[in-house]
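S.K.: I would like the entire structure built from these sequences, with the hints used as guidance.
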Amino acid sequence: MRVSRLIMATLRDVPSEAEIASHQLLLRGGYIRRITSGIYAYMPLMWRVLNKITKIVQQEMNDAGGLQTLLPQLQPAELWQKSGRWQGYTAGEGIMFNLKDRQGRSFGLGPTHEEIITRIASEMIQSYKQLPINLYQIQTKFRDEIRPRFGLMRSREFIMKDAYSFHSSEEDLKHTYNKMNKAYKQIFTRCGLETVAVEADSGAIGGAASQEFMVTADSGEDLILTSSDGLYSANQEKAVSIPPDPDPIGEGEPAVINTPNQKSIEELCSANDFEPSQIIKVIVLLALIGDGQEQPLLVSIRGDQEVNDVKLINYLSTQIGQEVLKIKPINIEEIDSQGLTKWPFGSIGPDLNDSFLSNARTWNKKFLRIIDCTAAELNSFICGANTKDKHRIRVGWDILEESPKIVDLRKAKSLDKCIHDPSQRLEEKRGIEIGHIFQLGCKYSKALEATFTNEKGSQDYFWMGCYGIGVSRLAQAAIEQNHDEFGIKWPISIAPFEVIVIIANIKDSSQVQLGENLYVSLQANGIDVLLDDRDERAGVKFKDADLIGIPLRVVAGRDAESGKVEIVKRSTKETQLLTSEEAIKKLLEEVLSDRS
RNA sequence: CGGGAUGUAGCGCAGUUUGGUAGCGCACUUCGUUCGGGACGAAGGGGGCGCAGGUUCGAAUCCUGCCAUCCCGACCA
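Numbering of the first sequence is given in numbering that gives the first Met the number 0, commencing with residue 0 and proceeding in unit increments.
Don't take every hint at face value.
Derived Cβ-Cβ restraints for the label pairs, each shown as a range [claimed, not checked]:
1. V13 x N180: 31 to 41 Å
2. E250 x G291: 47 to 57 Å
3. I241 x E274: 10 to 20 Å
4. E170 x Q522: 43 to 53 Å
5. L98 x I241: 46 to 56 Å
6. R11 x K584: 29 to 39 Å
7. D246 x K568: 23 to 33 Å
8. R11 x E376: 53 to 63 Å
9. G320 x T361: 40 to 50 Å
10. L69 x R11: 37 to 47 Å
11. I241 x S592: 44 to 54 Å
These aren't lab readings, by the way, just hints derived from the structure by calculation.
Yeah, the Cβ is synthetic: ideal placement off N, Cα and C, and Gly gets one too.
M.R.: Here you go:
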């Protein structure tokens, strides 16, 4: 490809919409154009990058036994109603774009394809002899993100590889899951990325074990915790650790103390010389449940700890047996609008009486009381007295009438001791999630009644796994991990072109001839090569080559008369002056060794 | 959804306070000089100021409504 024929619109100024380096560089290099919030056009250079990634993904998936398909993006509502996800995905802050056809039938624009694939499997697979099977596709997905941002990182239309496996047993599922784990590592390494595999929450997709693959970068949206020995790493949503020991509370009789205007843990501590770890913090929340119930919660946790709401939602969902759509703090206005008398905010204890709910209009009239392990372990603690401006000191859990539900709800933090080895401490990093693998189990096969005939001739539900890679996100994450002040530094395996030949001065016929010859020979040798044949000053061409990030540059310039060209490595700026034969040999070596 | 900010040429911005019919840099076109790290000079082309109303002799500037985009937040009572 010749640069003169490529719509290469490089920008000197940074478009104001872009915040992070990778997004700015994609725009400045002319790789993408924003059409509207969270929706981008991939320009020719970008499309080449996406295709390179796609090819690597296809090879590894095929090697691991995957079968490529292409599934519909428009999906009928009934299928999602059957799996029980229609409501959650479309109502409220639901993430699925949806529409009606001319007959008034409802459809969703596919954010993911479990429903479709499960239906297909149930129709096409009759016998255990056909299992296991692993179907995948690479195509555009749609998600109406609450807040699209960072270009392709969180966009509403994006390219994803998703694979779904079907098995006759859990063991067989685990086998494929492990195979996918290996394939994923292979894919990311081949794409030139450094990734960390972390334990993850399975979220809205559901299921048991799950692992995320993170590109570490400061701009990442996820917080991950790793041990310095590398044996433990988890998304903070999932992470566990050993909490610090609480500060002992002195001996003495239980008592009620006056705490005027001491509403926060901080105020309480500074006024009375308490430590946060001696206090029980009670958080008042409302859970919105799938069937429309509104359940008030009293969550107790040690004052120096924080609640991990993913853990809380997961616990609630299994406890209630219903999907919990959302949890939110209860505020004073809501108490008024429920027609309730004032609550002693700032002095609420774990034993706040259910009578505070007795006249509630729409809420359930009994608190669900949940206690985090850190709180439950305290024998003697400080807590609100359920009366304005009063707290109790040196009380124990006998203040509760019923035995409480004790759950791990605590947010693990950096510097916490690790469970696998208390001498190790957790470290905090930011990560960009580019891959996620799940053991789904039978959730979807049961919901959609997808069965096969087993060895004994009876019907069994499929065991399922699902495996995603954000292809367009991966491309941007690669830039986030590989760039400098001048532009992108693509890993050669996913670069839009492997080599760029620059003719320094297009009016010098010996330079032109040398450059054109190099271009032709490199092409003949199967190298993806770009020729900058523009009538521009050399400096402009160098800047552009650096910006768009082509890994290897060859310059036919001032030494053209003597038949010499210059090779420059984008990543290191390392330079060599060679004859064009030597240069071709050298470039071939470089490309072949890194192409993978 | 809550809070904040911004919409003026493909990109970056000024002009809005104090209404008088739009400007700068980059990019683009032509000519000349220059030619290895985003050159210089000269001459050009392109927008009617997010949209819709209103006030006014006159609106990018004032008023009303809407829309869009970006940022922050969405458990610490």
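S.K.: Determine for every hint whether it applies to the structure shown.
M.R.: Going down the list of hints, with the structure as the test:
| no. | hint | result |
| --- | --- | --- |
| 1 | V13 x N180: 31 to 41 Å | holds (38 Å) |
| 2 | E250 x G291: 47 to 57 Å | holds (49 Å) |
| 3 | I241 x E274: 10 to 20 Å | holds (18 Å) |
| 4 | E170 x Q522: 43 to 53 Å | holds (50 Å) |
| 5 | L98 x I241: 46 to 56 Å | holds (50 Å) |
| 6 | R11 x K584: 29 to 39 Å | holds (36 Å) |
| 7 | D246 x K568: 23 to 33 Å | violated (56 Å) |
| 8 | R11 x E376: 53 to 63 Å | holds (60 Å) |
| 9 | G320 x T361: 40 to 50 Å | violated (21 Å) |
| 10 | L69 x R11: 37 to 47 Å | holds (40 Å) |
| 11 | I241 x S592: 44 to 54 Å | holds (45 Å) |
This entry does not satisfy hints 7, 9, going by the numbered hints stated previously.
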